[in-house]
Amino acid sequence: MKIIQPREGETFDIELEESLLSKNRELADNNRKILDENEIIAIDVMGSIGSGKTSLIKNLIKGLKAGHRIGVIAGDLTTEIDAERLREGSTQVLQVNTGKECHLDANLIKRALENIKLKEIDILFIENVGNLICPAEFPLGAHKRLVVISVTEGPYMVVKHPFIFREADIVVINKIDLQVQMGVSAAKLKEDVLKINKKAKVVLTNCVTGEGVKEIIKCMNFQ
Amino acid sequence: MHELSVANQIVERALEVAKEKKAKKIKSIELAVGELSLLGEEQLKFWVKEILKSKEIGKDVQIKVNSVKAKIKCKKCGYEGNLKPANQDHFQPVFFCPDCGESDIQIEGGRDCVIKKVQVQI
Chain A
1 MKIIQPREGE TFDIELEESL LSKNRELADN NRKILDENEI IAIDVMGSIG SGKTSLIKNL
61 IKGLKAGHRI GVIAGDLTTE IDAERLREGS TQVLQVNTGK ECHLDANLIK RALENIKLKE
121 IDILFIENVG NLICPAEFPL GAHKRLVVIS VTEGPYMVVK HPFIFREADI VVINKIDLQV
181 QMGVSAAKLK EDVLKINKKA KVVLTNCVTG EGVKEIIKCM NFQ
Chain B
1001 MHELSVANQI VERALEVAKE KKAKKIKSIE LAVGELSLLG EEQLKFWVKE ILKSKEIGKD
1061 VQIKVNSVKA KIKCKKCGYE GNLKPANQDH FQPVFFCPDC GESDIQIEGG RDCVIKKVQV
1121 QI
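Taken in sequence, the protein lines are chains A and B.
Under our numbering, the residue at position 102 of the first sequence is numbered 102, and the numbers go up by one with no gaps.
Here our numbering = 1-based position in the second sequence + 1000.
These are calculated hints, taken from the structure and not from any lab test.
Note that the Cβ used here is the ideal one computed from N, Cα and C, for glycine as well.
Be aware that a few hints might be false.
Lysine to aspartate or glutamate pairs mimicking EDC-like chemistry, simulated, CA-CA at most 20 Å apart [unchecked claim]:
1. B:Lys1019 x A:Glu10
2. B:Lys1021 x A:Asp13
3. B:Lys1024 x A:Glu15
4. B:Lys1027 x A:Asp13
Just some of the chain A residues that point at chain B, by a computed CB distance under 10 Å [to be verified]:
5. Phe12
6. Asp13
7. Ile14
8. Glu101
9. Cys102
10. Cys134
11. Ala136
12. Lys195
Kindly produce the complete structure, drawing on both the sequences and the hints.
In structure tokens:
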């Protein structure tokens, strides 16, 4: 058979139509399957730098460790500080360093899951990299997405980052003990969240005293 | 915000298809970027060019970016279509139905980043 091929020097188009985000979504679906097969409920914990993601997870572990076996994947650019902080009370803690990346992605979680003894845990917290923009675009396969903000970040965190709040199941407003000093109202932040996402469960917390943590656990519907 | 990592993926894929076709040059890459994708078009163009600059095969590459409008469907009033300028009061559109103001809307398009085609020279 005669095959007509481009000649040297000729230019032609290669039609691809390839989505860059769909690859992540496929991997995320696969992660969800692995989690379900192992009867693990996974929570993706997102929030900006210093909002209290690690403190919140510490509090959640404290409140859940009596009845559950808990694993944590701690995402960070380069350090292991968070993994060290979370070791107490968790059966397994795995640090994932993204290097220069501003978010965890489904592929990193896939690799992390290969390094966790899945039969030995029933709850998995995934602490995302501190960032309110990029993680919104990269689902990991977790069952619930939780976003933490704090009053110390100012009054505009929700209206400035609608995407991540739109996709959240639970929104935690942390450091409510500092509302007066900061001149920022947690109730107003809550209102902003519900305006964008009326299905979100919004909980106000103080992770130093543990106030509000029980309510978050209730929102997670663990069996 | 993650233009660099997306640019790396684009370059990797373009180099792969160019190699498959035994191409000597990557002339252009055409992308479609959704307005809800959280990617800056200028930064994306910059990084793809910048990464390819150091490679003989891609040093003169042209990057075309077609912007894809967001498409939404309102779960309350049934509106189907684009967001309207009034929705875009910040660097990202805020997600309310332009007709009835409902927040419970389905995003049907404009979130993705797609490599449409790669033009190569043999």
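Hint check results:
no.	hint	in the structure
1	B:Lys1019 x A:Glu10	15 Å, holds
2	B:Lys1021 x A:Asp13	11 Å, holds
3	B:Lys1024 x A:Glu15	18 Å, holds
4	B:Lys1027 x A:Asp13	9 Å, holds
5	Phe12	7 Å, holds
6	Asp13	5 Å, holds
7	Ile14	5 Å, holds
8	Glu101	6 Å, holds
9	Cys102	5 Å, holds
10	Cys134	5 Å, holds
11	Ala136	7 Å, holds
12	Lys195	7 Å, holds
Every hint, counting from the list given before, is met by this structure.
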